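Asks: What follows is the residue order along each chain.
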Amino acid sequence: MKKILLTLTLVFSASMLFAQQSYPVNGTFDNRPGLFAFTNANIVVSANKTISNGTLLVKGQTIEAVGTGTTVPKGYVVIDLKGKYIYPSLIDAFSSYGVTEPARPTGGFGGRQSIFVSTKKGAYNWNEAIRPETEVRAIFGNDDKKAEELRKIGFGSVNVVNRDGIVRGTSAAVTLSNERENQNIIKGETAANFSFNKGTSKNDYPTSLMGSIALLRQTYYDGEWYGKQQQEYNISLDAFNRQQTLPQIFEVDGWQNILRADKIGKTFGKQYIFKSSGDEYQRIPAIKATGASLIIPIAFTKAFEVEDPAEARNITLTQMKDWELSPTNPAALEKAGIRFAITTTGLEQVRDFWTNLRTAIENGLSEKQALLSTTEIPATMLGISDKVGTLDKGKLANFLITSDKLFNSSNIVFENWVQGKRFVVNRINTTDLRGTYSLNIDGQSPLVLKIAGTGSGNSATIQRSATDSTKINSSFNRNGDWVSMSFSLKNPASEVRLSGYVTNENPLTFKGESVVSNGKSGRWTATFTAANKEEPKKESPKQLAENGTLIYPFTSFGLATAPVQESVLLRNATVWTNEKDGILQNADVLLENGKIKAVGKGLAAGSAKVIDATGKHITPGIIDEHSHIAITGGVNEGAQSNSAEVRVADVVNPEDVNIYRQLAGGVTTSHLLHGSANPIGGQSQLIKLRWGKNAEELKFAGSDGFIKFALGENVKQSNFGSGMRFPVTRMGVEQVFVDDFTRAKEYKKALAAKGSNTRRDLELDALVEILDNQRFITCHSYVQSEINMLIHVADSLGFKINTFTHILEGYKVADKMKAHGIAASTFSDWWAYKMEVAEAIPYNGAIMHNVGITTAFNSDDAEMARRLNQEAGKAVLYGGLPEEEALKLVTLNPARMLHIDSKVGSLKPGKDADVVVWSANPLSIYAKAERTFVDGVAYWDMERDEKVRADQQTEKARIIKKMLDSKNKGGRTQRPAAPAQRIYNCETMEEYAAEYNTLERSHSHE
Amino acid sequence: MNKYIIAAALSLLSVSTFVSTTSYAQANISPAAKQSQAIAITGATIHIGNGTVIENGTLVFDKGKIVSVSAGGGAQSGATEIKANGKHIYPGFIAPITNLGLTEFESVKATLDFNEIGNMNPHIRSLVAYNTDSKVPATLRSNGVLMAQITPQGGTIAGSSSVVQLDAWNWEDAALRADDAMHINWPAIPRSRFGRSTMSEEAMRERRDAALSELEAFFAESKAYAEGKPSVTNPRLAAMKHVFDGTEKLFITADNQKDIVAAVNFAKKHKITPVLVGGDEAHLITDFLKENNITVVVKQPHALPNSVDDDVNMPYKNAAVLANAGVPIVISIDGYWQQRNLPFMAGTVAAWGLDKEKALQAITLNTARALGIDKTAGSLEVGKDATLFISTGDALDMKTINVEQAFIQGRNISLDNLHKQLNKKFSEKYGLKVN
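Protein chains in written order, with this note's numbering: chain A, 1 to 1006; chain B, 1 to 435.
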């Protein structure tokens, strides 16, 4: 059936040049020689080699010869391509062509169904998101419609990826021919594929980005273990191990995820190729440092509709700048020497490809790089450069015949040959009609006809005479040698319709019938008089677009140049030292080389910049023991009762505006915690709020590792979740700890045994670290019974609890905590928000402090963290703490419990210059942070902030004007919609995968 | 705290089974008896609540009412003297728009009495569910919050709030003004909280438009119902009567500038001057608000900026921007137990650009006006209720507030509460001095 249809579609489709050897034929064979000679063409053999006036010989599906002065042997169909071009056809390294895109679940709240292990039948991996056994070559099928779309824009082959899961299995390279799959697949296994998106997996785990990362990391260890063991048969791990030698392609969203994935790759000796999302221009040096090659989209952000200022307010600076700068991404990568291929994936419509590619070229991408990125580079990446990518002898006859240079806007793709098979996009052999003609119509005075436009002419204008400047537009249709036109003449007014045909080629002459508005018909002729004058090229070297500057981070309050570390003398202030000097009046603080150099009266400034701080208060920077800012992709990996394997370190987000907001509240150090959805949560990360630096640079160097534990309603899932996951009582919570630590001890023993072949378990690794005093616990806790319980479990299993966090009934067991040397990090005055805080009291902090516990106030809240100094002030109100001690609740005491008090927490020479200048007593509601220094760098400066905001307004106004211009020129637009702000706290249970899917959907619609 | 409400709403069914027993200590605190003797507070800094201050003044009240307020002065014959030299007298603070007494624990469904099913609920009245035995009000009194507007939530028309004083045996005792205001949530396109919404912009717009039509129709029908002699009895329509005759105020929650203009114009069509609640973008249209004589109940200043691009301190400054532009403001804070931090909201507004006494006015007299209780409450003026307190320091600042004595309608109320009792109990356990 299929073959019958094919014979009807195109002249050449019946050729069956090289029928599938193994397939029978219904009827008689129609094998054709498939010999073609393309002569007199400009042949772009590769980006580095062009032959003028050359000949290309094709035999069957391969290129037999390419060069100049080639004699065409007999038996070849000769196609004269004088003045035309031949290019290698394009290659897309990342495509879903020919596989069904997995349905992306919309998910959202309540999406979890308590499915703990794979629902897939068979000896596969425990988690469905690990599916390396998926082979595209086994599920690929031609898609004629899509193939035609891609061929029209010049593609000849693509790498097909099944975009589903975290470990996705192998991709396959196929051509876009419409022959059988047996012929079209040119490489069955091109690469192993990865992402952070669990896709259609029904398993709850992972719910977060850090969970995806942990799962992938564990899979590498599982693969290593699998190769050495005999007990288990696992198809997935078997496939995973087998695929290690292939190129590894990792699809990510956003430049930060490139860095995250690259870290995993480096751990396991893998260099991934990244299918990125096109925002790499924001951090080129970091991307370059990965050494990775990229596959980039050219789906640039559409302009926003900004006519209504009330609506335009919803567009963020990031969105605006991204619109302006995302088309510079390819050029920026090229300039940095980063190797990249260009994909059509992500384009709203495949036909936007050329518009967007040309936009990238206007923004600085070289034509040579554009060609490399769509031919040789993807071919090499996929290991198919022996077959495609250039027009060298012996490769597949995959090439384009074009009217012009490929990247010229007037270029027309005439034909796209795939494996020696011709696909016509636009017909070549039509006479070029462009030129000026004398036009004579019965009953009309002589006129001048001008046929112009692209190709062989597709528009016409009429003038009264050659010197008359008034041009009348005419409709113009052409079908082979037939033309038709209609236009309205003035003075005298007359509607004219003409139809006719070419009667003579030299000079070109038309003849035909005319009809004028009075219904009278007659005859007309038009004779070629002159060629069109070369119009001054509108496209002549365009100035590169004027764009704004990059800012770090790429969001509001980002700066083009980072603030620098200075020597500063803060003079004549009230100085809260948190040392035995207490609070000094009229004292100075000297900051030098990122450290506190001196504290005291009348310090010599030396070369330091002097800031008069008369009337101000100076304190150490605020330390938030319990924070969830600056985290991407979820704070809870709540699908299992133990998720000790996940690490907040993997998902630090330096672009979170809450970093800047909290600097404005005097915060300098934040302890980023996993949430409280499960008894054993994830590993936390301590950061300094170094606004504008990247994730690694934010990390507090040399600090001890911590891990979040949790008790009570959240881990019991009293107020959210399905309530299906163990435990659902405080009794069960105890047994989770008992079980996990018992297993951890056994694991530790097994690892230590000689010649151990124990499976590396990242979850238990973290618990072993706790047992070894290498990792420290901060445990979310509320009521006294559970606090007491964990103390007992820790005693009996031999581990220590460093900190109880929240600990709102700590006042009831303060003596026990004190006896065990456990610190407390609590809220100042929260209560009543759930049952377990029915007896939470604001005097809690003061009582624990007075009993002798190291006590802190924390935020667990992006808002409250902005005014922790005032929360400390509440310890004066409730419990009457001396002011000096109250301030320590948010400075020195959290430093102590985080084991960083040798570096921060007080104003002592030699400690880090993390210092805040306040307008008033910091415990007062009237205090404002005027300057916040981290390592001696003023990341927050109230005066500078005002200027930054003013500059941002100017920048936004400039871009809005540009967007309006773009729209007026016909650019596409979208409605303004600000991205939602993502604010996490302990209890945020959001399905990362669902969010990821939404994000991907939205990207594919931009 | 909204997050807990959301969590609770999602788990209504699962939670409800195990909340029946609670065993926390009972705060054994009785409402105070009626004022039996005149009281004169002398030597104090008197913050009137209308923007003015009297230094070293004397305030006399008897039979629950303020008799005199004057500079200087001193002990009065027949009056018990409270020497308050160096101390401050404030009008009792008023918490607007709160579910105080309508909820005890945010995550426990059985204690949630503020959000009724249904979209048009004008017949819902908060007063009858106000729980005077809640442990929360006593914790607010300790910080000077002595009155509150108990307000239902949810739907387009949430129902009627009532104003109560916070020292009462039952809700009848508590009521200062029953059914003071009807509360409307202006239909708007919601800002997505979690990532991008799965609902399309068009779908949300359509839903908003449908809700607006419904609201307009409801107003038209209830107005006709109020004017005519209805053939059927409809308690929902009937409940709107006092909104039209002006005895009940209309509070409308709206944030976006376009929504605010639409909401105010809507009310104007019905000859109502509404009170605007929320008003994130009110600062963009201050002229419009002034022309229409609109009071704005501003959101708590302890909030994050609405947009990534906003001035990081915008939430702190917003109220002052409005007030200094001449728009009357009322300062609020979300939630119920959180209301003990209401004074510090005013303190924040004072820190970020508003005169301190004007900030105070935004939690006293302005609030009383918006709630329609300014004839008897909101300021320390002769003839008004003696609902006030004495603090040793600035009551808008957590560092200095220290409420020593408080009076509601002249009654010398207890300042004890559950938290103080537990503090005492466990401080004693550890041999600590009780602070």
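These aren't lab readings, by the way, just hints derived from the structure by calculation. Any given hint could turn out to be false.
Listed below are the simulated DSSO-like cross-link pairs for lysine-lysine, each with C-alpha atoms no more than 27 Å apart in a straight line [what the hints assert, rightly or not]:
1) 302(A) x 269(B)
2) 818(A) x 433(B)
3) 818(A) x 425(B)
4) 580(A) x 258(B)
5) 228(A) x 121(A)
6) 962(A) x 258(B)
Only a predicted model underlies this, so the values are computations on that prediction, with no experimental measurement involved.
Asks: Each hint needs a verdict: does it hold in this structure or not?
Replies: Hint-by-hint comparison with the structure:
Using a Cα cut-off of 27 Å, the hinted pair residue 302(A) and residue 269(B) is violated, with the two alpha carbons roughly 41 Å apart. Only pairs whose Cα atoms come within 27 Å are accepted, and residue 818(A) paired with residue 433(B) is accepted, the gap being roughly 18 Å. As the CA atoms of residue 818(A) and residue 425(B) are separated by approximately 18 Å, the hinted pair is consistent with the 27 Å bound. Straight-line distance between C-alpha atoms of residue 580(A) and residue 258(B) comes to about 57 Å, which puts the hinted pair past the 27 Å bound.
Restraint check: the Cα-Cα separation between residue 228(A) and residue 121(A) comes to about 25 Å, which is no more than 27 Å; the hinted pair holds. Taking the CA atoms of residue 962(A) and residue 258(B), the gap is about 25 Å. The hint holds against a cut of 27 Å.
Of the numbered hints listed earlier, those contradicted by the structure are 1, 4.
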